[in-house]
Amino acid sequence: MSWVKSVTVDSEDVFDEDVNDIILQNKEWNNNMGKRVKDGYRDGVDAGKDASLQRGFNIGYREGVEQMVAVGQMKGILSALQCWCQLEHPGSPAFSSISHLLQDVSRHEEAQIERMKMSIGQPPTASVGEITEGVEDMGMEHTDTGCGGGSCSKTDCCKKEQTPNGDATSLQTPCQSATRPSFSAEESVEQLLKSCMDLVVELGLPEELFRHLQQLRSA
Amino acid sequence: MNSESGKEDPFDSILMADNRFHCEAYKEGLLEGTRQGLLEGMSHGKTHGARLSTEMGFYYGFAFGWKCLLQNNTDAKSKKRLKTLETLTVLIQRFPHDDPQYATLLQDVEKVRAKFRQVCSMMNVPADFREYVNVAAGMSF
Chain A
1 MSWVKSVTVD SEDVFDEDVN DIILQNKEWN NNMGKRVKDG YRDGVDAGKD
51 ASLQRGFNIG YREGVEQMVA VGQMKGILSA LQCWCQLEHP GSPAFSSISH
101 LLQDVSRHEE AQIERMKMSI GQPPTASVGE ITEGVEDMGM EHTDTGCGGG
151 SCSKTDCCKK EQTPNGDATS LQTPCQSATR PSFSAEESVE QLLKSCMDLV
201 VELGLPEELF RHLQQLRSA
Chain B
1 MNSESGKEDP FDSILMADNR FHCEAYKEGL LEGTRQGLLE GMSHGKTHGA
51 RLSTEMGFYY GFAFGWKCLL QNNTDAKSKK RLKTLETLTV LIQRFPHDDP
101 QYATLLQDVE KVRAKFRQVC SMMNVPADFR EYVNVAAGMS F
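Listed in order, the protein sequences are those of chains A and B.
Residue numbers for the first sequence follow the UniProt record's numbering, so the first one is 1 and each next one is one higher.
Residue numbers for the second sequence follow the UniProt record's numbering, so the first one is 1 and each next one is one higher.
What the hints contain is simulated information worked out from the structure, not anything from laboratory work.
This structure is a prediction, so every number in the text was calculated from the model and none was measured.
Hints should not be assumed to be uniformly reliable.
Below 30 Å or equal to it, Euclidean Cα-Cα: the simulated DSSO-like pairs (lysine-lysine) are [stated by the list, open to error]:
(1) B/K115 to B/K80
(2) B/K27 to A/K35
(3) A/K194 to B/K77
(4) B/K80 to B/K67
(5) B/K67 to B/K79
(6) B/K77 to B/K111
(7) B/K67 to B/K115
(8) B/K115 to B/K77
(9) A/K117 to A/K194
(10) B/K111 to B/K79
(11) B/K27 to A/K27
(12) A/K38 to A/K27
(13) A/K117 to B/K111
(14) B/K79 to B/K115
(15) A/K38 to B/K27
Here are some chain B residues the structure puts well away from chain A; computed CB gaps all over 10 Å [stated by the list, open to error]:
(16) K46
(17) T54
(18) A76
(19) K79
(20) K83
(21) V90
(22) A103
(23) T104
(24) L106
(25) Q107
(26) K115
Using N, Cα and C, we set each Cβ at its ideal position, and we do this for glycine too.
Same shape as in the complex, but just chain B (with noise of 0.2 Å):
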């Protein structure tokens, strides 16, 4: 306010000085939010993340380690087990899981989620791992 009035047009500089303040307050402000965005919304997304990592590790665990247990069995019955726990692997690792704006994000862990209580009802396993079923998955602000 006081060093540039002695050069430029004191005039100008009263009716600019207006301007002037709210320009550089803002320029601050915006390095100010742009750090707490970054924060705040990291920490949400980390939670999401952690939640949807869980959620999808546990069923490729799950159907992993079943695969490992029945795969020297010949059985028409095994292999068809065999068969739907591939499937759910494969579902899984079909589609990112650590890019939250991924476009079908939302349809793919459907489509893992339900696959999961095929795979439950068909090794006769009570489904009593609803506490993920139910996590909501996502996502973006």
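So that you can see chain A by itself, here it is in the shape it has in the complex (with noise of 0.2 Å):
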């Protein structure tokens, strides 16, 4: 504001109301460029999730996939020993088994499914890597995750850095620690999964629907 501090200098003797007047004008323009910071953000904002709202959807949408197919099969294979049973076996001790475990893994996959839509609004939980290969994909430039020690524990451990020439081109990316809760839901597919092939030897069912339930375990 070099321009209007120079007129102040030179105007000591003017009337007051001049001066008033400028730093009328000052105030006004500070005012008009504050908020073409704020329409330029906003506008910039806007922009920004309009093109990345699908791909994150997309991301998103791979990665449940990818964890629910086990515990969905689960369930499946299950349900068509229960009906099998019922059917071929009424009576039998094994009916109560089966029930059981489809329980359990139906209650697994209701916790999971409503764990994800409480994350829904919810600060970020996704991983740097899942947002740096989207942003990547997008034809953004990054320049680092801001989190080098790999030693952050809160997800609002973020850094903003700056190229040489001043463009912020980095974006601001959530860090998590190594450790995350997921970790207890996996192992508690892996031991219904046990469970189950267990239960599939002890009812002397088809060695197919073992390996197969081998095969989901060790995807």
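Dock chain to chain to rebuild the complex, using the hints, since each chain is given by itself in its own frame.
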């Protein structure tokens, strides 16, 4: 605002109203520029969102699919076993073993879906790699994830980097600790699959079923 | 606002300041918006992907399980059932489950649901798996 300042210095002996006028103009200028910055930022956020929502959706979608395949199939297999047991061997003790396991699997599935629903609209829970992938695919540059040490434990340890020419080209990337809570969920799928395989062996069911569950477990 | 005005025509820089402020803020906003969009899209996508995956996985597991149980039966009724179960598994595997923008996703999902209902009635299984059939599958913004 050097031009405004120089005018105020030169005009010490001018009427007060003129000084007020200049202060007013100065204020107006600042207001206008502030508004331009706000508008620009908002337009940028809108454009960025529009361009990245679908990509984010696709990435998340793939993740969700992968995460639930085993649980879904296990539920289907156990349901088939339950129906078969009911029709072919009514009153057999196997029926209640199957039903119990099926209940466990259903509970696990519901809890997983519920957790995903809860995370909507909450602070970021995505990993650095996924976001970076998404940004790279969109042809946007980034410099550093801002989390070199890998020892940060909070999601808001973001850092913005500037390139030498002053453009902010990095993306604020949330970092997370290495121990994710979903670890226990995976463990539980593993356990459910193990119980399912044990049950298949116990009931003397076809080998093919056992092999299929084994495949799900290693996938 | 202060460093460049010395080098450039000060009048020009005043006129252009308007634009420059807007542009720089826009760039910053674009990055933030991209980040927000990705994260928001991901959490929504994850739920939808998980729903479709559990539904399709359930049908597949159900068909696969029955196939294993019936595979050694040679009577005509079992053969017919096995054939329908086979059709269901083929239908499920015929389209990509991890692409929410796959062109005929909704139609393919509907075909699978219809075939599943047919399998249920064929197996004398009460189709009280209705919770699955009503789940919306999909899709995109």
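Hints, verified against the model:
Only pairs whose Cα atoms come within 30 Å are accepted, and B/K115 paired with B/K80 is accepted, the gap being roughly 14 Å. A C-alpha spacing of about 16 Å is found between B/K27 and A/K35, which places the hinted pair at or below 30 Å, so the restraint holds. Pair hint A/K194 plus B/K77 does not hold up; C-alpha atoms about 33 Å apart against a cutoff of 30 Å. Under the criterion of a C-alpha separation no larger than 30 Å, the hint pairing B/K80 with B/K67 is consistent with the structure, at around 11 Å.
Among the hinted pairs, B/K67 with B/K79 is consistent with the structure: their alpha-carbon atoms are about 10 Å apart, no more than 30 Å. Distance hint between B/K77 and B/K111 is fulfilled; the C-alpha atoms sit about 23 Å from each other, no more than 30 Å. Between B/K67 and B/K115, the direct Cα distance comes to roughly 15 Å. Compliance with the 30 Å bound is thereby established for this hinted pair. Straight-line distance between C-alpha atoms of B/K115 and B/K77 comes to about 18 Å, which keeps the hinted pair within the 30 Å bound.
Restraint check for A/K117 and A/K194: the C-alpha separation of about 27 Å stays at or below 30 Å, so the hint holds. At roughly 22 Å between alpha-carbon atoms, B/K111 and B/K79 fall within 30 Å of each other, so this suggested pair holds. Of the pairs offered as hints, the one joining B/K27 and A/K27 holds, with about 25 Å between alpha carbons and a cut-off of 30 Å not exceeded. For the hint linking A/K38 to A/K27, the alpha-carbon distance of about 16 Å falls within 30 Å, and the restraint holds.
Of the supplied pair hints, the one linking A/K117 and B/K111 holds, its CA atoms being roughly 27 Å apart against a limit of 30 Å. In summary, the hint linking B/K79 to B/K115 is supported, as the alpha carbons are separated by about 17 Å, within the 30 Å threshold. For the hint pairing A/K38 with B/K27, the CA-to-CA distance comes to about 12 Å; that is within 30 Å, so the pair holds. B/K46, annotated as away from the interface, has a beta carbon of chain A within 10 Å; the closest lies near 4 Å.
With a least CB separation of 4 Å from chain A, B/T54 falls inside the 10 Å interface cut-off, contrary to its annotation. Non-interface status of B/A76 relative to chain A is upheld: no Cβ of that chain comes within 10 Å, the nearest being about 18 Å off. Against the 10 Å criterion, B/K79 stays outside the reach of chain A, whose nearest CB is about 17 Å from its own CB. Once the 10 Å rule is applied to beta carbons, B/K83 is consistent with being away from chain A; the minimum gap is 16 Å.
For B/V90, the requirement that its beta carbon stay farther than 10 Å from each beta carbon of chain A is met, with the minimum near 16 Å. Its beta-carbon lying about 14 Å from the closest one in chain A, B/A103 satisfies the requirement of being farther than 10 Å from that chain. The claim that B/T104 is not at the interface with chain A holds, since no C-beta of that chain comes within 10 Å of its own (minimum 16 Å). For B/L106, the requirement that its beta carbon stay farther than 10 Å from each beta carbon of chain A is met, with the minimum near 14 Å.
Here B/Q107 stays apart from chain A, with its beta-carbon at least about 18 Å from theirs, past the 10 Å limit. At roughly 14 Å from the closest C-beta of chain A, the C-beta of B/K115 stays outside 10 Å, upholding its exclusion from the interface.
Of the numbered hints given earlier, the model fails hints 3, 16 and 17; all others are met.
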